[in-house]
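2 protein chains.
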Amino acid sequence: MLCRWAAGRAMRHCRFSLPGVTSMVHAGAMSGSGNLMDFLDEPFPDVGTYEDFHTIDWLREKSRDTDRHRKITSKSKESIWEFIKSLLDAWSGWVVMLLIGLLAGTLAGVIDLAVDWMTDLKEGVCLSAFWYSHEQCCWTSNETTFEDRDKCPLWQKWSELLVNQSEGASAYILNYLMYILWALLFAFLAVSLVRVFAPYACGSGIPEIKTILSGFIIRGYLGKWTLLIKTVTLVLVVSSGLSLGKEGPLVHVACCCGNFFSSLFSKYSKNEGKRREVLSAAAAAGVSVAFGAPIGGVLFSLEEVSYYFPLKTLWRSFFAALVAAFTLRSINPFGNSRLVLFYVEYHTPWYMAELFPFILLGVFGGLWGTLFIRGNIAWCRRRKTTKLGKYPVLEVIVVTAVTAIIAYPNPYTRRSTSELISELFNDCGALESSQLCDYINDPNMTRPVDDIPDRPAGVGVYTAMWQLALALVFKIVITIFTFGMKIPSGLFIPSMAVGAMAGRMVGIGVEQLAYHHHDWIVFRNWCRPGADCVTPGLYAMVGAAACLGGVTRMTVSLVVIMFELTGGLEYIVPLMAAAVTSKWVADAFGKEGIYEAHIHLNGYPFLDVKDEFTHRTLATDVMRPRRGEPPLSVLTQDSMTVEDVETLIKETDYNGFPVVVSRDSERLIGFAQRRELILAIKNARQRQEGIVSNSIMYFTEEPPELPANSPHPLKLRRVLNLSPFTVTDHTPMETVVDIFRKLGLRQCLVTRSGRLLGIITKKDVLRHMAQMANQDPESIMFN
Amino acid sequence: MLCRWAAGRAMRHCRFSLPGVTSMVHAGAMSGSGNLMDFLDEPFPDVGTYEDFHTIDWLREKSRDTDRHRKITSKSKESIWEFIKSLLDAWSGWVVMLLIGLLAGTLAGVIDLAVDWMTDLKEGVCLSAFWYSHEQCCWTSNETTFEDRDKCPLWQKWSELLVNQSEGASAYILNYLMYILWALLFAFLAVSLVRVFAPYACGSGIPEIKTILSGFIIRGYLGKWTLLIKTVTLVLVVSSGLSLGKEGPLVHVACCCGNFFSSLFSKYSKNEGKRREVLSAAAAAGVSVAFGAPIGGVLFSLEEVSYYFPLKTLWRSFFAALVAAFTLRSINPFGNSRLVLFYVEYHTPWYMAELFPFILLGVFGGLWGTLFIRGNIAWCRRRKTTKLGKYPVLEVIVVTAVTAIIAYPNPYTRRSTSELISELFNDCGALESSQLCDYINDPNMTRPVDDIPDRPAGVGVYTAMWQLALALVFKIVITIFTFGMKIPSGLFIPSMAVGAMAGRMVGIGVEQLAYHHHDWIVFRNWCRPGADCVTPGLYAMVGAAACLGGVTRMTVSLVVIMFELTGGLEYIVPLMAAAVTSKWVADAFGKEGIYEAHIHLNGYPFLDVKDEFTHRTLATDVMRPRRGEPPLSVLTQDSMTVEDVETLIKETDYNGFPVVVSRDSERLIGFAQRRELILAIKNARQRQEGIVSNSIMYFTEEPPELPANSPHPLKLRRVLNLSPFTVTDHTPMETVVDIFRKLGLRQCLVTRSGRLLGIITKKDVLRHMAQMANQDPESIMFN
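These protein sequences, in sequence, are chains A and B. Taking this note's numbering, the leading residue of the first sequence gets 4, the next gets one more, and so forth. Taking this note's numbering, the leading residue of the second sequence gets 4, the next gets one more, and so forth.
Hints may be right or wrong, so weigh each one.
Claimed, not checked - Capping the alpha-carbon separation at 16 Å, the derived lysine to aspartate or glutamate pairs in EDC-like fashion look like this:
1. Lys277/B <-> Asp611/A
2. Lys766/A <-> Asp624/A
3. Lys766/A <-> Asp611/A
4. Lys315/B <-> Asp624/A
5. Lys74/B <-> Glu615/A
6. Lys718/B <-> Glu708/B
7. Lys594/B <-> Glu615/B
8. Lys315/B <-> Asp614/A
9. Lys315/B <-> Glu306/A
10. Lys315/A <-> Asp590/B
11. Lys594/B <-> Glu573/B
12. Lys74/A <-> Glu615/B
13. Lys315/A <-> Asp68/B
14. Lys315/B <-> Glu615/B
15. Lys315/B <-> Glu704/A
16. Lys718/A <-> Asp732/A
17. Lys315/A <-> Glu708/B
Stated by the list, open to error - Restraint ranges, calculated between C-beta atoms of paired labels, are given here:
18. Pro633/A <-> Trp97/B: 46 to 54 Å
19. Lys315/B <-> Ser269/A: 56 to 64 Å
20. Asn335/A <-> Glu615/B: 37 to 45 Å
21. Lys315/B <-> Leu358/A: 21 to 29 Å
Derived from the structure by calculation, the hints contain no laboratory data. Computed from a prediction, not measured in an experiment: that's the story for all the values here. The C-beta atom is built at its ideal place from N, Cα and C for all residues, glycine as well.
One chain only, chain A, in its complex shape (with noise of 0.2 Å):
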């Protein structure tokens, strides 16, 4: 979410936002009507840039990249320095995808490696080089077998390098206080970056460039600074063991790319619409590195965080998405040359007597998500109202120690989340060292590696499962916390987390019921002595899924992913059941998801492509001005004085006015907007002679019939946006809310018999909304 001291930057600006304070010039490229402007000037400055925390116009924007390929499009046959210089402009689209696919598995390979390396610092150094991971410091040391390796001399941990001790309490307690230290230290650096360079480099981001991509303008939101920042300090707040993941974050870093390389072209760096739609793609390749999934990523961008998505743009977001991934992959940070983040394999089918646990897990899930948000909610909620919002490097602080407190001492909770989520995952080979796979053996075994029957648990199943269920609280519990303070956090990792963890302890359960009571009923028919039945590692996977899909509310992107992981249509079922479970019971309790509600909690103007709209209201009860109100503030064509609009501008804060032909008929002709009209006169005083308060200014082709002695005239129709869309009273609000949508509209007028009668903003439609469901409508700030 947007950090505090952004939110109240963005404040200050709204209220400030005077007139000319702000660059704010543009001209004549108004929704279509740019081609029949009589120009007087070259174009000005700062051409169709919009002001900060402002609604784009989508119609707009797309009217002036079709004017834009038309003048391309023409010279191009004039000269073969114009067709190559063509050819470059169509081929731009590509190279932006190419390069931020480059990037952005740079970036992710690099944030992997240091995170390998400052995970692990935590606990110990290498002396070889201090810059290897235990992994890859071990890697070149001679212990070849498998379990040695682990403990190689190069790798000390910190009692071993300062007091020379490897065992022991002294040297426990040591280690768990540079643990901490470490932690500290990360943490207090990442939300001192965070607040002193890139205050928006906080958060998972994805709320914010939802509400971008949706067609609102948040200046510096994509920086260079906040790419620079929100990278470093990923790495930092990963690596210092707090609860969150680098997933979301890295969906920002890599539309912090998007934007970087849409600003190299003009193509896209002077069309707000197409640069939204590089933005698309590039979160497609965020997604693509966070898990290796480009199918999923490119879903994901599609389902769940572009609003216009036009079918040129699916193309493109899949090739940035398989460039990233390529990127990542031949850049190894796993060090298997495997793409996806948690490879699993599984040797066994499942049965339909599981699909009843992986639904349970469904359930699990939603109720999951539920509480995360709601208890997320209410804790940034009162982080925003309360004193506690003051002190965020205080809470990060807390919350780090915290964090490092309680998950010292639990093996489940010291490592790394992810790496955690990949042995939760796993299936039980013969030859797994870990804990989990404490099974007792059959001496006179003699199957294949890959295909090992149930066997009982033994004593470490046992301790593991009672660490994880500890592990498992104290995640559901910190999470809440953690996600919302002002340092990079996602939240797919710790939510898979959650799932996996819940999930493995009940595919245990499964297994053990299913080996001890092989005659039941249920487990009768496929589950005979001596078989291999259950995968508690499936389980895992399906419980991440659910508790994934009832935070977020991701379906068919979270499905793909999930395959992407697994690479088998075999285990689609149970994760669709889960997935659809969860879903469903998430949605019985509250229909945002994490993203909607912090988007709400921010009051952006997003307009949802997914809620429905049901409500049996007109466009006469929603638009301005009300009944009681004073009549609306319109131009007259020909027949106003540069004074009274003047006036006009300085008593309202209206973003435009209605041009109508006369008072009394009140017939519409065109909408100017505010900054047009205020940039406009100025210039006419200054340049124009004769301009003076008393002037009349016309809309007209022609000026109109003047007394002899009366001052020259000011002609204004270039400003005038000559096609406004209107709607009449009539239409019913679910019409209204349509066409906001689907044609991305900032204002619509309302007319009745071909007389105006009022404006509809969707700032008014989204309060509307509001009011209609029950909410605050004051909660929608911006325009």
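Since the structure of chain A is already known, use the hints to place chain B on it.
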């Protein structure tokens, strides 16, 4: 494409569709104004239906569904029974998906089994049970070695059965004749069945489904008869050995299933918009079973077939596609419990240098696509315009005879096309008995089976190359003539076969080049002697993707389908390189894919989402009436008599009339549909007393003030759409096109300063677009 008979029927229908001839009654449910009307009577029968070969109004359908939903929600609070009914209503979407998946999967399985059997029937018969295919027959035989299984005694060729000869010239000729006879019989049966029972069952169906999904009515196109006949004839034509596939028709079959099941639930049967959501999902299920690729199917539906694809549909499509895939797998028609049609597994990676031949294959695919589309469209146009179209049965017989005569002698064309593709895709293992794998083995080889180094080609490979080259030329030519005949015919499989043959030949070429010239600079780095560097099967797959891409212009869905076939992300890069190249090459010669070309040929009103409109025209250039034409036919709100209106209706054939305040002011108050006007007047004349030809008709709330002795006036407000869509005359056409596309309008009124100027219909937009693209605007036939 639509068969000629059907098209003829359509044309007749259009020409004679006088008011009142067809059932044309629906009332009060126009876009959004339904809730405002003063219903005099209960709704008339056929509420909300459309005429055949007409365009639907998406906004209105959506509005009607919201009304329905609102009604159910408010009722559900009244009693438990209503609550259960509302739950059932909410669930019906999932139930429909489940049913579609089950039926589509079952039908696909049955088709596969029947095709297997009937294809083999052309060559011989099983003695133990005549309904066994060759493989099933010999499966139960006692010969257990792999080579002998093909020659099991229970399976008898026709020559063996009839004259007891298995070798020799006369046996060959007899088998040849039987092959041709069976093929002719199958083809004759198929074309006769199609002709007599279901003319719509011909073609691939995808162009029509695209048109239907974009909001067009073709009654009976997805009917039960079409479903039945298409399923049966599909088996016949595929078995007859014609150069066609079953993939496109399977999409049609699945959509028929979708239509059938949606007719069981009033939520879908009574709303053309909702019905199309179901059909989109059914299309996904169709591709899912055609290739065993559920994710690819969903993306195909999204990218290629669907028009409006809300996110809810994505999730449901995925569900339907999965259910269908699993149903197919449990029927297990391929006998290997594999889901996919062409299962392949390669053991070697690809190398950078191989990208060059892959891109060459892409160029070939693009050229093939262009050649095929041009040739096929030219031939189909000739069929439409010359005598040729009058002898569809003869045409099928002749093409079948030619195909059978030429195909039999060549082993690569004699077998079924999907077997051919499967063989071409496969890597040569050590045990492979295929001629294509007749390499000269090194007798000292001790390597494992899946790591065979490159070997010199043997005689068999060279023979196979020649035969493949001949088969390639034959396939290219015959497919152009086959696609579009009056039988079900898909072109996925023939296109893939063309590409696979070309690819395999290139692959073998590169392999032999690499083997014999290890020292060339291009091979030196990655292909040392004794290494397995080139996989000819991969080239076949890349070629298949390129050719399919060239013909259909699929992008993401193509790559994902291919990816699901191999299951390895490794090969996505070659596939993508070929798909991108092929699309670019083909696009350079013409933007239309085969489906769009057929839509165009048939004159359907299809507003492609992918086309970009980049011309500088304005709404005023497109609207009717044009300059010099008589003024727009309008109704006034309270001054026309019933007779005036009846005359107007009789003299014009417009679909509706704008209603204005008065002819002088021309201020728009609404829009009245022709059908509804006719019905309302008829109804009033029958039921309401005092309504005569002289009665004044009024659309206002209150009756106008009339002289004392005037007849009783007729109130028609309830047929008035109070929220017609308007744009100003200065609106650029690119915006108008965008609005038509995104909102799914039928017509749009044009105003200037509140005065009505004219009207733009979807047909006008399409004709204008055709004109701008230098095409014949009259080719758009339907409204």
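Those earlier numbered hints the structure runs against, lowest number first: 1, 4, 11, 13, 14, 15, 16, 17 and 19
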